[in-house]
Amino acid sequence: MTPLAALVRKELSSLFGSPVAYVALTAVAGVTALIFFDHLKIYNQILFVYATTTMGGFDSDSIPEHINLWDLVFFPVMEQIGITLIAVVPLITMRVFAEERARGTDELLSATGMGPGAVVLGKFLVTLGFVALMMAVAFVYPALAVERGGLGAEHLAAVFMGLTLHAFGLAAIGLTCSAFTSSQLVAAAAAWAAAFVLWDFSWMYSFVGEETAAWLDRLAMHPRYGSFAEGIVSVANAVYFLAMVLVGLALARFAFDLRRVSG
Amino acid sequence: MSAGASDAAPAAGGPAIEARDLTRRFGRHTAVDRLSLRIPARTSFGLLGANGAGKTTFIRLVAGFLLPSAGSVEVEGRSPALRPERVQARLGFVMETSRLYPELRVRGFLRFMGGARGLAGDRLRDAVERSLARFHLSPVAERRVGNLSKGFQQRVSLAQAFLHDPSLVIVDEPTSGLDPVQRAEVQAILRELRDERTVVVCTHDLVEAEALTSRVAVLAAGRLLAEGPTGEVLGRGDPLALFRRQGGAA
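Protein chains in written order, with numbering that gives the first Met the number 0: chain A, 0 to 262; chain B, 0 to 249.
Derived from the structure by calculation, the hints contain no laboratory data. Do not take every clue at face value.
Claimed, not checked - Cβ-to-Cβ under 7 Å is the rule here; a few derived chain A residues that face chain B:
hint : residue
1    : Pro18
2    : Ala20
3    : Ala23
4    : Arg100
5    : Thr104
6    : Glu106
7    : Gly114
8    : Thr163
9    : Leu241
10   : Leu257
11   : Gly262
Idealized CB from N, CA, C, for every residue including glycine.
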C-alpha cells in the first residue's frame with residue numbers, strides 16, 4: 000500500500016463512517032428533486048392552460064415554441080442546482096483540513112513522512128471523488144428532463160461535465176479555505192464568500208468600465224457553467240475549472256509550508 | 000519511505016540530535032533561545048522543564064514541523080528544516096495529548112499509520128499485529144479509538160510511533176492526564192523500549208524523568224539550564240529550583 004493509497008482509504012473510511020456523507024448525498028438528491036418537480040409542475044400548468052384555452056390539445060401548433068421542457072424546466076433547474084452547490088459544497092470541504100488542524104492530527108500525519116504534497120493530493124482526490132458522486136445523484140432528475148426533452152446523449156454528457164466541473168471548482172475553493180484555518184466555520188464562510196463573488200460579476204457592471212466588465216466576465220463561473228448547460232463543451236471552460244483545482248492544490252500545499260514558518 | 004532502526008542509524012555515542020544555537024521566535028516571543036544540545040544515539044534522554052519552557056517547540060523543530068528562526072538542528076545527520084520527510088520517515092512521534100483519529104478502530108488506525116509510512120502487504124500486517132501484542136492492545140483492536148480510556152489511547156499513540164521500527168522516538172508528555180495505574184503501565188512500556196533505540200522523553204515530571212531516562216537536559220524560557228546524567232542533574236540540591244529559574248545556562 001502506498002502512503003497515498005493509505006490516506007485515500009482512511010479518508011474514505013472517515014467520510015463514509017460518519018453520517019455526513021449520507022446526509023449530504025440525501026440532501027442534494029432531495030433538493031434537486033424538489034427543484035425539478037417544482038419546475039415540472041409549473042411547466043405542466045402552463046402547458047395545460049395553453050392546451051385547453053386554444054382548444055387544440057397538447058399536440059396543438061398553437062403552443063408557442065418557448066413553452067418547452069428545456070426552457071421552462073431544464074435551464075432553471077440547472078441554474079438553481081449551480082447556486083445550491085455553492086451553498087452545499089463548502090459544507091463538505093470545510094472539515095477536510097481544518098478538522099485535522101483543530102485536533103492536531105495534521106502533525107501526526109506529517110510525522111509519517113508522507114509529505115504535504117501527498118497529504119493535499121490524497122484529500123483532494125477523495126473530496127473530488129465524493130463531489131462527483133454527489134453530482135451523479137443530483138443529475139438523475141436533470142438527466143430525466145434532458146431525455147424527455149428529446150435531447151441527445153452528447154448534450155447530456157456536456158451538462159453532466161459542466162455540473163461536475165462546477166462542483167470541482169467549488170470544492171477547490173472550499174479545500175483551499177479549509178487548509179488555511181483550524182475553524183470549520185471560518186473555512187465554510189470564506190468558501191461561501193469566495194464562491195459567491197466568483198459566481199457572477201454582472202452586478203458590478205454598472206460600477207466598472209466595459210473593459211473591466213469583460214475581464215470580470217472571464218473570471219466568473221456562471222457564464223462558463225451556463226455554456227455547458229447549453230450543451231457546448233468548450234475546452235477553455237473546462238480548463239478554467241481544472242485550473243481552479245490546480246490553483247487550489249498549490250495553495251493548500253503552500254498552507255503547509257506557511258505553517259512551518261508561522262507555527 | 001519507511002526506515003528501520005538498523006537503516007544507517009547512528010552508532011551508540013554518536014549524536015542522534017544535534018542543535019546549534021537553535022532559535023525559534025513566534026512574533027516577539029522567543030520560545031527556543033540559542034539552544035545548543037547534543038543528544039547521544041541509543042540513550043534514553045529526558046527533556047525537562049516547566050510548561051512553556053520550550054520543550055514542545057524544540058521537538059517540533061526536531062520533527063520538522065517548524066522552521067528555525069536561527070541556528071540549526073540535525074537529526075541523525077539530516078536537516079529537518081531542509082528535508083523534513085526524510086527525517087520524519089525515520090522518526091517515531093508520540094504527541095502530548097493523544098492526537099489520534101477517534102472515528103477509526105484501533106487496528107484500522109494502525110494499518111493506516113503503517114500504510115502512510117510505506118509499509119505494505121505482509122510487512123504491514125506483521126507490524127500491526129506485533130504492535131497490538133507489544134502494547135497489549137489486542138483486546139481493544141476492533142474498538143474505536145475515541146471510545147478508549149486515556150491510558151489505552153496513549154498506548155495506541157505509542158504503538159503507531161513504533162510501527163516502522165524507528166531509530167529515534169520522541170515522546171511528548173507520555174503520562175500527562177493518566178491515572179496512577181495507567182501511568183505505571185505506560186512507563187513500564189517505555190522502560191522496555193528504551194534500550195533498543197534513542198528515546199527522547201519530554202516531561203515536567205521529575206520522578207518520571209528519573210524512572211525513564213539516563214540523561215536529561217533542563218530547559219527554561221527556551222534556554223538550556225543544565226545537561227548531564229539524570230542522577231547527577233536532578234541530584235544537585237533542590238531539583239525544583241531548576242524549574243524556578245527563568246534562564247541562563249548552567
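Status of each hint after checking the structure:
no. : hint   : result
1   : Pro18  : violated, 11 Å
2   : Ala20  : violated, 12 Å
3   : Ala23  : violated, 16 Å
4   : Arg100 : violated, 11 Å
5   : Thr104 : holds, 5 Å
6   : Glu106 : holds, 5 Å
7   : Gly114 : holds, 5 Å
8   : Thr163 : violated, 28 Å
9   : Leu241 : violated, 27 Å
10  : Leu257 : violated, 10 Å
11  : Gly262 : holds, 5 Å
Violated hints, listed in ascending order, are 1, 2, 3, 4, 8, 9, 10; each of the other numbered hints is respected by the structure.
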